[in-house]
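Could you put the whole structure together from the sequences, leaning on the hints where they help?
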Amino acid sequence: MSLTISPNPADRMNKVLPQFTAQLPDIIRRNYGRWVDRKFHGNGIIEHISETGDRVFTVKVGLPPNSRLSTETLKKLLDIADNYGLKVIRGTRAMNLEFITDSLDKALKIKEEVEKLGFPVGGWGGALWSVMSCTAYLTCTTAVVDAPSITQVLYNHLKPYFTGEIELPAKLKIGVSGCPNQCAGGIAVDISIVGHYGQAPKPDPERIKFCIPTKAEALKTAIPQIAAVCPVGAIKVFGKPDGSVGIEVDDKKCIACGRCKNVCDYLDWDPNKIGVAIFVGGKASNTGTGPRLGYKVIPWLPVNPPEYKEVVAAVRRIIDIWRSEARPGERLGDYVDRIGVDEFIKKLGVPVTRHNRMTPQQWRYGLRQFFSQA
Amino acid sequence: MSRNERKDPTSEAGNTETIAIKETVTAEARPLSDLERGLRMLEFLERGSWPSYVSELRKTKYPIEVYAEGLARKYTPWLSGSFRVRYVFSGILARRSRDGKYVEIHFRTYAPAGRFYSTSYLRKIIDVAEKYGIGLVELAANTGALVINVWSDKADEAVDVLRNYVSTDVGGSGDTVRELYACPGPALCEFALYDTLSAMDYIRRHPFVYQHLNNQLFPYKIKFKFSGCPMDCAMANSRADFAFIGTWVGPHEIDQDLFRKKVEAGEVNPKELAESCPSKAITWDEERRELRIDESKCVRSMNCIRRAFPAIKPGRNRKIALLVGAHVQAHFGPKLAKAVALLDSVEEAMPFIGKVMEAYMDYGASKHRIGDMIYKRGFKVISEIADKTLPSKPRGAPSTHLRISIGAVLTDDERKLYEDWAKSLVKEYFGEG
Numbered sequence: 001m002s003l004t005i006s007p008n009p010a011d012r013m014n015k016v017l018p019q020f021t022a023q024l025p026d027i028i029r030r031n032y033g034r035w036v037d038r039k040f041h042g043n044g045i046i047e048h049i050s051e052t053g054d055r056v057f058t059v060k061v062g063l064p065p066n067s068r069l070s071t072e073t074l075k076k077l078l079d080i081a082d083n084y085g086l087k088v089i090r091g092t093r094a095m096n097l098e099f100i101t102d103s104l105d106k107a108l109k110i111k112e113e114v115e116k117l118g119f120p121v122g123g124w125g126g127a128l129w130s131v132m133s134c135t136a137y138l139t140c141t142t143a144v145v146d147a148p149s150i151t152q153v154l155y156n157h158l159k160p161y162f163t164g165e166i167e168l169p170a171k172l173k174i175g176v177s178g179c180p181n182q183c184a185g186g187i188a189v190d191i192s193i194v195g196h197y198g199q200a201p202k203p204d205p206e207r208i209k210f211c212i213p214t215k216a217e218a219l220k221t222a223i224p225q226i227a228a229v230c231p232v233g234a235i236k237v238f239g240k241p242d243g244s245v246g247i248e249v250d251d252k253k254c255i256a257c258g259r260c261k262n263v264c265d266y267l268d269w270d271p272n273k274i275g276v277a278i279f280v281g282g283k284a285s286n287t288g289t290g291p292r293l294g295y296k297v298i299p300w301l302p303v304n305p306p307e308y309k310e311v312v313a314a315v316r317r318i319i320d321i322w323r324s325e326a327r328p329g330e331r332l333g334d335y336v337d338r339i340g341v342d343e344f345i346k347k348l349g350v351p352v353t354r355h356n357r358m359t360p361q362q363w364r365y366g367l368r369q370f371f372s373q374a
Numbered sequence: 001m002s003r004n005e006r007k008d009p010t011s012e013a014g015n016t017e018t019i020a021i022k023e024t025v026t027a028e029a030r031p032l033s034d035l036e037r038g039l040r041m042l043e044f045l046e047r048g049s050w051p052s053y054v055s056e057l058r059k060t061k062y063p064i065e066v067y068a069e070g071l072a073r074k075y076t077p078w079l080s081g082s083f084r085v086r087y088v089f090s091g092i093l094a095r096r097s098r099d100g101k102y103v104e105i106h107f108r109t110y111a112p113a114g115r116f117y118s119t120s121y122l123r124k125i126i127d128v129a130e131k132y133g134i135g136l137v138e139l140a141a142n143t144g145a146l147v148i149n150v151w152s153d154k155a156d157e158a159v160d161v162l163r164n165y166v167s168t169d170v171g172g173s174g175d176t177v178r179e180l181y182a183c184p185g186p187a188l189c190e191f192a193l194y195d196t197l198s199a200m201d202y203i204r205r206h207p208f209v210y211q212h213l214n215n216q217l218f219p220y221k222i223k224f225k226f227s228g229c230p231m232d233c234a235m236a237n238s239r240a241d242f243a244f245i246g247t248w249v250g251p252h253e254i255d256q257d258l259f260r261k262k263v264e265a266g267e268v269n270p271k272e273l274a275e276s277c278p279s280k281a282i283t284w285d286e287e288r289r290e291l292r293i294d295e296s297k298c299v300r301s302m303n304c305i306r307r308a309f310p311a312i313k314p315g316r317n318r319k320i321a322l323l324v325g326a327h328v329q330a331h332f333g334p335k336l337a338k339a340v341a342l343l344d345s346v347e348e349a350m351p352f353i354g355k356v357m358e359a360y361m362d363y364g365a366s367k368h369r370i371g372d373m374i375y376k377r378g379f380k381v382i383s384e385i386a387d388k389t390l391p392s393k394p395r396g397a398p399s400t401h402l403r404i405s406i407g408a409v410l411t412d413d414e415r416k417l418y419e420d421w422a423k424s425l426v427k428e429y430f431g432e433g
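Residue numbers (the numbering used here), protein chains in the order written: chain A, 1 to 374; chain B, 1 to 433.
Everything labelled a hint here was simulated from the structure, so no lab data went into it. Hints may contain errors.
Computed footprint of chain A on chain B, listed as stretches where at least three residues anywhere in the stretch have a Cβ under 8 Å from a Cβ of chain A [said to hold, decoys possible]: (1) 122-132; (2) 271-277; (3) 291-301; (4) 405-414.
Quick list of in silico lysine-lysine cross-link-like pairs, PhoX-like style, CA-CA up to 25 Å [claimed, not checked]: (5) A:LYS273 with B:LYS427; (6) B:LYS271 with A:LYS171; (7) B:LYS427 with A:LYS76; (8) A:LYS236 with B:LYS367; (9) B:LYS131 with A:LYS76.
No residue lacks a Cβ here, since even glycine has one placed at the ideal position from N, Cα and C.
Here you go:
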C-alpha cells in the first residue's frame, strides 16, 4: 500500500463515503428485498430464505468487550470469512460479528472455526444477545468506572446464556457504560449498568483555571460553559473582589449527571464514592408493551475491579428472578411492568431510598404515538 | 515495520515504564504500586471463558500500562488532547495520559450502510491500522463508526490513505452530524418495510447533511438512524435525533389458508396468538377458522407477524415513520423520540430536516440536543416546521418527555445501605470471602 498520487489536502473538506453496494456479495444483491422467511439452526445460526429459493446463512459471533480486535485476530476471522463465507462480515448494532455464507455446512464450519479461536457463537432467540460496552478507561476522558472490564467479567459469568446452554424467557441485552453519557446503548436496554460519581465534583484547585475565565470582567458578557451546561444550576462561577474568578459546586443541588465533566477535565472526585447504577426493563423494540427506558432500581453499587462481584451478583439476581417468573417470550421490561416495578424491587430486596422510589410510568412511545389504542 | 523499529515517543516512554516495573518487583517489602496492581487485574481479566479484550490489546502497541494503572486507581488515565490534521474538522480524537507520557489518537471512519464489510475492505483497514497505527480496531463501535488507533506523526498521511486507498474517510465526532446507522434491512431481513440502506446512503450524501460532515456548527451532535420495521433494530427511537422507522397503515395482509395450515401443523396456536397480542386486537373465529385483526386497536407490535409469518404480513400501504428528538446524552437526560409524521419516502423528509437543523443552530443552547430544544421551547418548534414542510402527511400525537436522572449524589448512610445489600448478595452468589 503506497500512494502514487499526492492528493491536495484541501480536498479533505469533501468527505469520501463508502458505498454499501460494493460490499454486498452477489447472492445478497440478487435477493435484495426478496427475503420471505427464516429458520433458526441452534442459537447462533439463521437461515434466510428468499422468494427466488436462494438461501443465506448468518452466524453470530460474540466479540471481546468493546468489540476491540487486534489486526492479528481480525485477519484470522477474515480468513474464515474468505474460506467458508461469502467474503463479507457485518458488525452489528450490539457489538457482535456476523458471518454470512450460503450453506448450512459452511455455517457449521464457520462456527467450528471461530470456536477454535475462542469466540462463542450464539445470541439469538431467548438468549443473551450481547453485553455492549463503551470504551471507558481505554480511551475516554469522562469515564467514571471502567466498562470493558465489567463487561468482561459479566460475559465470563453469563456465557451459557449467550451460547444457549441455559435458556432465557426472551431476548436479553445488557449495556455497560462508564459514565452517565451512556455510550453503550443508553438505558433502552434490558439491563443497563451505568457508572456515576455518586457525589458532587470538586474543582481541581490548581488546574480549574483552564475551564474558567481569568478575569471577573469576562463574566459580565458570557456565562462560562462549565456553568451553562449544568442542568440544575449547581455550578456557580463568580468574580472575586481581587478581580479573579472563583468556582463553587453546590452539593445539595448536584445530581451527579457529569455534564460539567464533558466540557472540563479538571473536576475531581473521590474514587471510593464512585459506583454504578443499574437500570432494568428498557427496550427499543415496539414489541410487548412498547419501547421504554429502564427503571433505576439500583441507584448505587460499589465497583471493585477486577472481579466486580457486587455488579455480577446483582445482574445475576435480576436474571434469576426474571428467568423463574417470566412467561415465555416476555422481555424483562414487560415482566417488570406486569408485576409492577415496586413488586420487582421487593423481590430484588434492594433497599429503597429517595433514589429508587418509583412513580408508575405510562409508556406510549415510538410508533405507538401514531397508532393510538382504541 | 516491526515493533522495535518504531520511533514514536509514546513507545519509548513505554519502555522506560517497563523497566520501572522490574525494579519495584524486586523490592518485595514495598506494597504493590498502582501499576503492579493494575497489571495483576489485567491478568485476571484474561483468564475467563469469554474472549478477552486485554489479550487483544496485548497483541497491539496499545500502552497497556496506562490502562492498568487507571484500572487500579479507579480513575480514567486520559485527558483530552488537541490534535489537528489539515482540513479535517471531525473524526479525529486525541487523548493524553495524566502523566503526560502517552498520546493516543484515534480515527472514527465512516462505515458502509448496514455495516456490511467485505473482507477486501477490511484488509485495507488492517493495512492502515498496522502501517499507520498500533494495530488495534474497534470493529462495531456504538456510534456506528469503525475506530482505528493511529500514530500522531502519521495521522496526516493516514487520512489520505483512508480516502484514496480504502475509499472511506474520517468523520463523525464533535458537534456535527455523527455517523449514521441503518439496520441490515432488505439485505438480510424479510421484515424490512423500506430500503434502510439506500435511505441512509441518500441522507448521508444529501447536501443538507453532507455539507455539515466536516464542520462543527451545531450546538451538539446530530444522529440519524434507520430501522426497517417497528422492531427498531437500529435503536432509532431511543438514540437518534432523526429516527426513520418502517411501518404501514391499513389492514395486515392475512393469508387465511396458509394460517390454517400453520395451525394444523401445530406451528401456531391461534388462541395463544390472540391472547398474547399486547393491544388485544386479534380474535380467532373457531367456527369459520378465521383470524381477524381489529386494525383500530393494532399498535404495530409485530407480535402476530413474528409468530405467524408469512401467513400474517404487514399491510401493503407501507410508510416510514419520522420521529425526532431522541437521545441518550443530553442536557436534560435521556429521552425517547417524538412522533412527527408518516412519510412515503425519506426524500420527503429533507425540507423538514433542513429546517429543523436551521432551527437547532438558531435556538439550541450549547451542549443541548434537539430533544433538549424541544423540552425547553415546546414541541411547537417542531410542529410548526412540520406544518410547513410536511403539510399533507398523517401526523402523530407526541408523548411527553420523561425526565430521568442517571447519576445520583448519595449520602454516606445511603452508600452504606447499598454496600451492605451488595455484600449480602455477593455472599449468596460467591460464598464466603
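Open item on the list: Name the hints, by number, that the structure is in violation of.
Closed with: Those not satisfied are hints 2 and 7.
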